[in-house]
Every structure is written in C-alpha cells, then in structure tokens.
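There are 2 protein chains.
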Amino acid sequence: MARWQPDASERLAAAALDLFEEHGYENTTVIEIAERAGLTKSTFFRYFKDKREVLFGGGTVAGLLAEAIAAAPSAAGPLDAVADALDALGRTFFTADRREFSGRRRAVLNATAELREREALKRIDLTDAMIKALNRRGVPGLTARVAAELGSLAWEIAYDQWIGTTHGEEFGPLARQALADVRADAAVC
Amino acid sequence: MARWQPDASERLAAAALDLFEEHGYENTTVIEIAERAGLTKSTFFRYFKDKREVLFGGGTVAGLLAEAIAAAPSAAGPLDAVADALDALGRTFFTADRREFSGRRRAVLNATAELREREALKRIDLTDAMIKALNRRGVPGLTARVAAELGSLAWEIAYDQWIGTTHGEEFGPLARQALADVRADAAVC
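Taken in order, these protein sequences are the chains called A and B.
Counting in this note's numbering, the first sequence runs from 1 upward without gaps.
Counting in this note's numbering, the second sequence runs from 1001 upward without gaps.
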C-alpha cells in the first residue's frame, strides 16, 4: 500500500491544528496557516471559505453521505441506509491514520466557542444532507428527519468512542453499534 | 388580563429585530440596538454576551426546560417529561402575542449565517439542558440523549408550524402532536 499522502486541504487542516494548539484559534491567521502548510492564502480560500471552516473538511463530507445513502440496497430501510453512510465515513475520513489528529481536533473544538458554533451548524447541514438523500430514496419527510437525527446522534457517540479507543476499534462498527443502541432506546423512551 | 409589558431583554430583542430587518445584521451595532430600545450599552451586556445572542432569550430557556422536566410526574416516561418541557415553552415564550415577532425572527435567522450558527449551538445547548434534567430524574445516559434529541426535533417542527399557523393554534399542542409523530416514526424507521 502506498504511503498516505495528505492533499492540500489536509495539509492546511494539519497546519491549522498545530497553530491553534500553539497560539490559540483567535491568535492564528489564515496567512499563517497557509505558510505553515507551505501553501498560499489563495490556495487556502480555494478549499475553505473562512478560518472557522479549516477543521471541517471543506464540504466534502455531505457528498459522501449522500452517495452512500443513494447506493444502499433498495430493500434497505432508512436507518440501514444511514448506517451505510456512517460506514462510508469510517472508511474515508475516520480512518486509523487520522485518529490521533481527530482527538486533538476534538480538544481544540471543545475549547473554542467559535468552532463549537461552526460544528453545531455542520451537524445540522450534514443531517440535512442525509434527509435529502433519504427523500430521494422515497423516504417520506418526517421519517427521513427522524432517521437522520438518530444517525447524527449515533455518529456523535461513535466519534467520541473512536477517538478514545485504545484497541484500534474502527469507526464504522462503533457507529453501527451506536445506531442499534439508539434505535432500541428510541423505541422505548 | 393586564396588557403585556415587555421587559428590558424583550425590548432589546424587539429593537434588534427591527434594526436587523432595516439595515442587516452586519450593519447593526450593539449601541444602536440599545439606543433604539431606550437603554444603554451596559444594560445590553447585562442580558446578552454579544450581538449574536440578542434573539435567543439570553439563557433563560434552558432553566425553564430543566424546571419543567424536574416537575413532571414521577411516573412520566422520558418523552412525556420532554413533552411537558415543550408545553412550558408554549406557555412562557411561544405565546400568541409573540407569534408575529417569532415569524420575523425566523426570517432574519434564515438569512444570516452568523445567527444560524448561534441557533445551531443553542439547539445543542438546550438539548444538553434537557439531557441533564432527564439524568437527574434517573433516566440513563443514552435514553436521555435519544429522548432529548427527539424532543428537539419535535420543537423544530412545531415551531415552524406555529409561526405559519393562521388559525391561532398554540405551540404546546402542536409540539405534543409533533413529538407523538416523531416517536411513532422512530419506532419504525
């Protein structure tokens, strides 16, 4: 397997995380992030609309979720399609080589009010992406909203477990288990 | 019944909404909001930590939700306690005399990225307030999270229905119905 080569957006994210840890989010500029990554400010803005965005993947996550939901077997129920989307996240973004980065990212987000706000909006936007993808499969409005919200909650639970794991558990199976637990609880609460 | 008298925080919110509609969120300052409300900048900051906060009730909503969940009958299940919290919202904040304001507020929020971010974070913080209140009733961690998330979704659905209603429907009953619908969908999706 070829050695993993970060692309420009990932180099920018890694540089930003380093700088946020070293100097704080407020005290770091986009120019400094670009310089640390060996890139230019205009390259930064090709990937991210502002400084807040740099730790959020620049909009590629929504497309991945939508594709995975569209590709789920036609017999799959709404939550099964959502589980496939979480699996795709685990294969594509939350891979073992990114676990350490993800834990550091979580700590910076928790400590930075502006990033917590952006994260909260991301969650809503990514939930919306799943809702729309479910709608395109013919899942009616409210059912799609409920399935996507339960999926977002399972994602959040599994992400915290994954960054804290010490035995190499993978995100996908953790998310499937979290979704099963959430589904069981939703049926009785 | 006495005529409704807005307190300082509500006068500030009303002034802010007027100014955001007239000049846009970006072009409005805290000083202008305070002046329009006939108050001072320092009074503004007694109620709200920043300009983004002025349309979000200044932190009083979380306490109301927690109190209502604590006050639910001991036999009430998690979602029943959440329904009581939504009822309390309807009696206290989403009253008929505030419906027109709420619809205008919704439009300004939808049009303003910074306010959408703050709203997204509010949703998470208010969901957390419900989770903690449920935990204090002895509802275990995951069940409390699921119940609070379903409650937040029902709130969002009912709020949009309420601001769009033309026959004077009240928020509380709309929220109870939305919660019942969400619960039924969660059981089958």
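Check before you lean on any hint, since a few could be wrong.
Here are the simulated lysine-lysine pairs, DSS-like style, with alpha carbons at most 27 Å apart [as the list claims (entries may be wrong)]:
#1 A:Lys51 / B:Lys1122
#2 A:Lys51 / B:Lys1051
#3 B:Lys1132 / A:Lys51
#4 A:Lys41 / B:Lys1122
#5 B:Lys1041 / A:Lys49
#6 A:Lys122 / B:Lys1041
#7 A:Lys132 / B:Lys1132
#8 A:Lys132 / B:Lys1041
#9 B:Lys1132 / A:Lys49
#10 A:Lys41 / B:Lys1041
#11 B:Lys1051 / B:Lys1041
In short, the hints are calculated from the structure, not lab data.
No experiment lies behind these values; they were computed from the predicted model shown.
Can the restraint linking lysine 51 (chain A) and lysine 1051 (chain B) be considered satisfied, given a maximum Cα separation of 27 Å?
Cα-Cα ~20 Å, so holds.
Is lysine 132 (chain A) close enough to lysine 1041 (chain B), meaning Cα to Cα at most 27 Å?
43 Å, violated
Holds or violated: lysine 41 (chain A) to lysine 1041 (chain B), with C-alpha atoms at most 27 Å apart
Violated, because 37 Å separates the two Cα atoms, which is more than 27 Å.
Given hint lysine 49 (chain A) paired with lysine 1132 (chain B) - CA-CA distance at most 27 Å:
35 Å, violated
CA of lysine 132 (chain A) to CA of lysine 1132 (chain B), is that 27 Å or under?
31 Å, violated
Restraint check for lysine 122 (chain A) with lysine 1041 (chain B), where alpha carbons must lie at most 27 Å apart:
32 Å, violated
Take a quick look at whether lysine 1041 (chain B) and lysine 49 (chain A) sit within 27 Å of each other, Cα to Cα.
32 Å, violated
Lysine 1051 (chain B) paired with lysine 1041 (chain B) [C-alpha distance capped at 27 Å]:
11 Å, holds
27 Å Cα cutoff - pair lysine 41 (chain A), lysine 1122 (chain B):
Cα-Cα ~32 Å, so violated.
Restraint status (C-alpha distance of lysine 1132 (chain B) to lysine 51 (chain A) at most 27 Å)
32 Å, violated
Lysine 51 (chain A) and lysine 1122 (chain B) were given as a pair; does the straight-line alpha-carbon distance stay at or below 27 Å?
Distance ~22 Å between lysine 51 (chain A) and lysine 1122 (chain B) Cα, so the pair holds.
Hints 3, 4, 5, 6, 7, 8, 9 and 10 from the earlier list are contradicted by this structure; the remaining hints agree with it.
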